[in-house]
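I would like the entire structure built from these sequences, with the hints used as guidance.
Under this note's numbering, the first residue of the sequence shown carries the number 144, and numbering increases by one thereafter.
Simulated from the structure, these hints should not be mistaken for lab results.
Values in this document were obtained by computation on a predicted structure and should not be read as measured data.
Idealized CB from N, CA, C, for every residue including glycine.
Don't take every hint at face value.
Claimed, not checked - Derived DEER-like restraints, expressed as beta-carbon distance ranges:
(1) Gly411 / Leu173: 39 to 49 Å
(2) Asp334 / Pro260: 20 to 30 Å
(3) Leu325 / Val263: 36 to 46 Å
(4) Tyr409 / Val440: 19 to 29 Å
(5) Asn279 / Val414: 50 to 60 Å
(6) Gln347 / Ile408: 44 to 54 Å
(7) Leu173 / Ser329: 35 to 45 Å
(8) Ile408 / Asp433: 21 to 31 Å
(9) Ser329 / Val263: 37 to 47 Å
(10) Leu325 / Ala207: 43 to 53 Å
(11) Glu163 / Ser329: 43 to 53 Å
As the list claims (entries may be wrong) - Taking lysine-lysine and the DSS-like style, the derived pairs with C-alpha atoms no more than 30 Å apart in a straight line are:
(12) Lys382 / Lys287
(13) Lys287 / Lys265
(14) Lys287 / Lys272
(15) Lys437 / Lys382
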Amino acid sequence: MIIIKNPKHGNVVLMPQTIEHYESELTSLLSNERYDEAVDILRYLMGFSDVDSERRMEWEQLLAWLYMMYPELQQTSQLGIEDDARAEAELRKQLLGDKWSAESASVLELLHTMEHPSSVDKQLITLDKLAHVGGNQVIHGIRKWLVSREMHPLLQFKALQALKLAGDFEYISIIRSGSEILVNPSDCPLDSSEIPAGIEHIFQTIDHVCEVAEPMIGEFASQMQWDVIATSYGTSLYKAMSNVLNEQEAAVWASALHALLASHIYGGTQVEQIRELYEIVSYPIEEWMDVYQKCRVFL
Numbered sequence: 144m145i146i147i148k149n150p151k152h153g154n155v156v157l158m159p160q161t162i163e164h165y166e167s168e169l170t171s172l173l174s175n176e177r178y179d180e181a182v183d184i185l186r187y188l189m190g191f192s193d194v195d196s197e198r199r200m201e202w203e204q205l206l207a208w209l210y211m212m213y214p215e216l217q218q219t220s221q222l223g224i225e226d227d228a229r230a231e232a233e234l235r236k237q238l239l240g241d242k243w244s245a246e247s248a249s250v251l252e253l254l255h256t257m258e259h260p261s262s263v264d265k266q267l268i269t270l271d272k273l274a275h276v277g278g279n280q281v282i283h284g285i286r287k288w289l290v291s292r293e294m295h296p297l298l299q300f301k302a303l304q305a306l307k308l309a310g311d312f313e314y315i316s317i318i319r320s321g322s323e324i325l326v327n328p329s330d331c332p333l334d335s336s337e338i339p340a341g342i343e344h345i346f347q348t349i350d351h352v353c354e355v356a357e358p359m360i361g362e363f364a365s366q367m368q369w370d371v372i373a374t375s376y377g378t379s380l381y382k383a384m385s386n387v388l389n390e391q392e393a394a395v396w397a398s399a400l401h402a403l404l405a406s407h408i409y410g411g412t413q414v415e416q417i418r419e420l421y422e423i424v425s426y427p428i429e430e431w432m433d434v435y436q437k438c439r440v441f442l
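See the structure below:
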């Protein structure tokens, strides 16, 4: 996942799927010649830092093209240059809803979209919007939806992030694999500073080992980190990874994830070679295989 921490927007979590959904929405707006709304979304997205440089360049080129073809759009967006704070408030009102109108029809519409979506993609975008609206109505609506049935872990995680951003820190029971688990939105990571130290240690170990030996695996692992967090959050697996304390434990989990990715990418893997890379050849193979089997839930 891409976690974007921006001084303008505050701490906001954007997953790769969410960015893709915004880009899909851009495509739809452009095809329907709704260029002013497309400009708003582009300016909103470009307000975040730490975005992939290639993607940012594509956004900049698209925005430049729109300004060239439709100069009046640049005049409209000039507000952001002359009064950045006011422009930010106006843009957020347009894209995410007015935080001070939490009882408005627009919020009811967002909640309805979340409960009766046309796709999972639409739910993710809607949750991202609701997270910035806040208010008791939003919190109540998301909590009611979360406990209503079992749903994909990614949606559950996104909803918990939305609750945390909306100011809800009460425990809630959600259904995962047919069983109820008790979670607190306040413990749900929003950015890299909130990732449990054990999980961070595991992925740092993969990055260190793969930097020279397996750069492709390292790149995939980096992209996988937030998917692992979202998929396991609230489970015993998440707790086990969070509680990793030392180098050997981190190496065991890291090598298991490495083997999983290698099997997925190459169609097979040499377990002993991977164990050698992580210097855990003496670690009991039966215990290592147990960790590997637990990690299979991630792919």
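Consistency of the hints with the structure:
At about 43 Å, the beta-carbon gap between Gly411 and Leu173 stays in the expected band of 39 to 49 Å. Between Asp334 and Pro260 the CB atoms are about 26 Å apart, so this pair conforms to the stated range of 20 to 30 Å. Range check, Leu325 to Val263: Cβ separation about 24 Å, and the 36 to 46 Å hint is violated. Checked against the hint of 19 to 29 Å, the C-beta distance between Tyr409 and Val440 comes to roughly 20 Å, which is consistent with it.
For the hinted restraint 50 to 60 Å between Asn279 and Val414, the CB-CB distance of approximately 52 Å keeps it satisfied. Against the hinted window of 44 to 54 Å, the Cβ-Cβ separation of Gln347 and Ile408 comes to about 21 Å, which falls outside the hint. For the hinted restraint 35 to 45 Å between Leu173 and Ser329, the CB-CB distance of approximately 39 Å keeps it satisfied. In this structure the hint that Ile408 and Asp433 lie 21 to 31 Å apart at CB holds, the actual value being about 23 Å.
Evaluation of the 37 to 47 Å hint for Ser329 and Val263 yields a failure: the beta carbon distance comes to about 25 Å. At roughly 50 Å, the beta carbons of Leu325 and Ala207 sit within the given window of 43 to 53 Å. The given range of 43 to 53 Å is broken by Glu163 and Ser329, whose C-beta atoms sit roughly 28 Å from each other. Among the hinted pairs, Lys382 with Lys287 is consistent with the structure: their alpha-carbon atoms are about 26 Å apart, no more than 30 Å.
Of the pairs offered as hints, the one joining Lys287 and Lys265 holds, with about 18 Å between alpha carbons and a cut-off of 30 Å not exceeded. Between Lys287 and Lys272 the alpha-carbon distance is near 17 Å, which keeps this suggested pair within the 30 Å criterion. At roughly 13 Å between alpha-carbon atoms, Lys437 and Lys382 fall within 30 Å of each other, so this suggested pair holds.
Comparing the model with each numbered hint stated earlier shows that hints 3, 6, 9 and 11 do not hold.
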